Each structure stands twice: as C-alpha cells, then as structure tokens.
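Using the hints provided, position chain F relative to the given structure of chain L.
Chains as they are written, first to last, in this note's numbering: chain L, 1 to 189; chain F, 1 to 189.
The hints are simulated quantities; they were obtained by calculation from the structure and are not laboratory data. Note that the structure is a prediction, hence the values are computed from the model and not measured. A hint or two may mislead.
[As the list claims (entries may be wrong)] Here are the simulated PhoX-like cross-link-like pairs (lysine-lysine), alpha carbons at most 25 Å apart as the crow flies: (1) L:Lys115 - F:Lys144; (2) F:Lys7 - F:Lys115; (3) F:Lys40 - L:Lys88; (4) L:Lys7 - F:Lys115; (5) F:Lys144 - L:Lys40.
Below are the chains, spelled out letter by letter.
Number of protein chains: 2
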Amino acid sequence: MLQPLVKYCNAICPISDKLGEALLEYGEIIHLKKDELFLKAGMVSNHASWILKGLVRSYYVREGEEITTKFLTEGATITSIYSFYSRKPGNEYIMALEDSVLACFTYDHMQRMYKDFPEFNVIGRIVTERYLYFLEIELYNLRKTKAEDRYQYFIKHFPDLHQRVPLKYIATYLGMNLETLSRIRGKKK
Amino acid sequence: MLQPLVKYCNAICPISDKLGEALLEYGEIIHLKKDELFLKAGMVSNHASWILKGLVRSYYVREGEEITTKFLTEGATITSIYSFYSRKPGNEYIMALEDSVLACFTYDHMQRMYKDFPEFNVIGRIVTERYLYFLEIELYNLRKTKAEDRYQYFIKHFPDLHQRVPLKYIATYLGMNLETLSRIRGKKK
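Extracted from the complex, chain L is given alone in its bound form (with noise of 0.2 Å):
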C-alpha cells in the first residue's frame, strides 16, 4: 500500500534504492472510518501523515464550537503543525470526513530519513513549501472582510471540496454561519 508513496517522492526527487526501503520500513498503514478520529486535542502530534486515500480535516472547538481549520485530501500531508514541531500538545483534532487511508511516519523516522537520506530533504522541502504556499492563500483569505468574497476565493482555489464537504464544515473554515454561507450559496444559484 505504500507503493505510491515511494512513487510519489520520486517524482518530486529521485531516490535511493535504501530510502525506498526506510519508506517501506516506517511507514504505517492506517485506515480511518468516516468520522473517525485521528488526532485529540491535549495530545502531541506524532506523525506526518500522506494521506493515500480520503479526506480529511482538522479543527479545534472555541467555546463549544467545532472551528475547521483544514481541509486535506489525496496526495497531501497532514499533521497538527504547531504541535509536530513544537512537540507539545496541541489544541487540533484531526478526523476523517470520508473512509482514509493514510501513510503514517512518527516524527523520529522523519528525523531519522532526513538524517540518513540526502535526497529526503529535498523531498521534505518542496512538501513543505507547497504546504507554505497553500497556509498563504488559507491566510489572504481569510484576511477578506466579506463572507461572500471569502466563499468564492474558496471556491476558485478548491473547486473539488465544496462537493466533498458537508457544509457546516465549510461555514466555521470560512469564519462565517451556516445561515451566511447557505444564504450566498442560495444567492449564487
């Protein structure tokens, strides 16, 4: 199962032979349910997960709120960013949306293969950076005043989620109510 993974890196950066077997070696299959929890608030985030399959999301809860925070699916990586490399406990829940399944590494491995392996910083850089790139456009929109304005940035750079994604989850990641968000949908039809 993890065969697209090792593809995957070695399509950003060619690997070695002994990478690809660390990948194999360390990497941990999970397979999450629908609704399924992955990761609980108070605990520190000890994985960085590819997620091979599904969708994902992360959220914290604000005075009995669920806030969304993420939304991720096939080919991205998730973990709780402040907690993974704090390592202290965070306040981010993950859970899957749909039935996932994720390619998991603890932090120690990932330590370990950035250690061992040249090639894997490379890997992990330009992950990384996609991830920068993707936190900046989370950021500018979120810096819009307009509810409506930060629904259609949504849906011009995540055409595919707002299919996905029940939309209570869509509201509190937009920082809106679900009465806005439905009453601009409503608007846009």
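This is chain F only, laid out in the frame that chain L set:
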C-alpha cells in the same frame, strides 16, 4: 556582510566550503531606507531574502487601504510566498519599516544551490518549516473572533514587535481598525 548568513546556515547544518562560497558569490546585499519599497504589487517576486538587520513588512492594498500581512525581523526570511513559488505577479508590497539590510538570492540562484548542494536542502527545509510554523500561528490568531484576543495573542507571540511597529500597521495586520486597537491598549493600561 554576508558572513552572518554563512554562520546562520552553518548553525542549522554544517555546510561545505563550496556552498559557503556560493552563498557569498550569489548573495546580493541590499540596503533599504525606512519606508523604502523592496517589492511592488504586479511584479514577480524574484528574491528570497534574509533580513540581516532591520524590520520589514509586507502588505497589499484593499479598497484603498494598506492591509499588512507580515512583519519580519532579523534572522527571518522574506519573500512574497505566492509570487515567489508560483512565478506569477503578486499583489504584495514589501517595505522597510526601519533602515534594513537584506541578503538577497534570486529564484534561479536558490534553485541552483538546491541542485548543487544537498545540504542546502536541509537548510531550506528547516527554514521553510519555521516559516510554516509562523504562518500557522498567524492563521490561528486570525480565526479568533474577538479583536482583544487577537491583540493579546500577538503580544504574547511577538513581544518585541509591538514596540517597534507603528500601531496603524498592527491594526490592519490584526484585522481591526486603529480606534479598536487604541481602545484595547487603553483598557490594558
């Protein structure tokens, strides 16, 4: 003037003499006066820059108002993430808030160093991870609905900045108007 950068890289990962020479050869020192622009909207961001001295902000113009998107100080890197990675013109301006000194590398030189020196990918990966962590903190803060909470979070995470940055820039950065920010600060005293 580029020696501090070589030292900075060496502290992240021991670099070869050849990479040290490439950094000195490709690095261009740029001096910016306070309020001087380094990047304008509509241009392709062609440099990744290390701030050797000073304080820089990025912003874009929304309905005639400058919306500050980042403050970056000594030791940080600055570029227009969207434009630099997409190689397309962006809408961001980069401006010095104090007399500043930048060590600038063109996109092509960055790619060449990544290609020629495996260890530069280690540095690039770690610097990008730090930036990612920084953006995640910004994103988390922007999702807070109460202006006062955003200000407190900003003070906590960037205690040095609010001494160095004019209030009007902090206000748009935190998604509030100057009156709101002044009121929050007044209450605190």
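Tested hints:
1. Restraint check for Lys115 of chain L and Lys144 of chain F: the C-alpha separation of about 38 Å exceeds 25 Å, so the hint is violated.
2. Using a Cα cut-off of 25 Å, the hinted pair Lys7 of chain F and Lys115 of chain F holds, with the two alpha carbons roughly 21 Å apart.
3. Between Lys40 of chain F and Lys88 of chain L the alpha-carbon distance is near 39 Å, which puts this suggested pair outside the 25 Å criterion.
4. Distance hint between Lys7 of chain L and Lys115 of chain F is fulfilled; the C-alpha atoms sit about 20 Å from each other, no more than 25 Å.
5. At most 25 Å may separate the alpha-carbon atoms for a hinted pair to count; Lys144 of chain F and Lys40 of chain L meet this at roughly 20 Å.
Against the hints set out earlier in the document, violations occur for numbers 1, 3.
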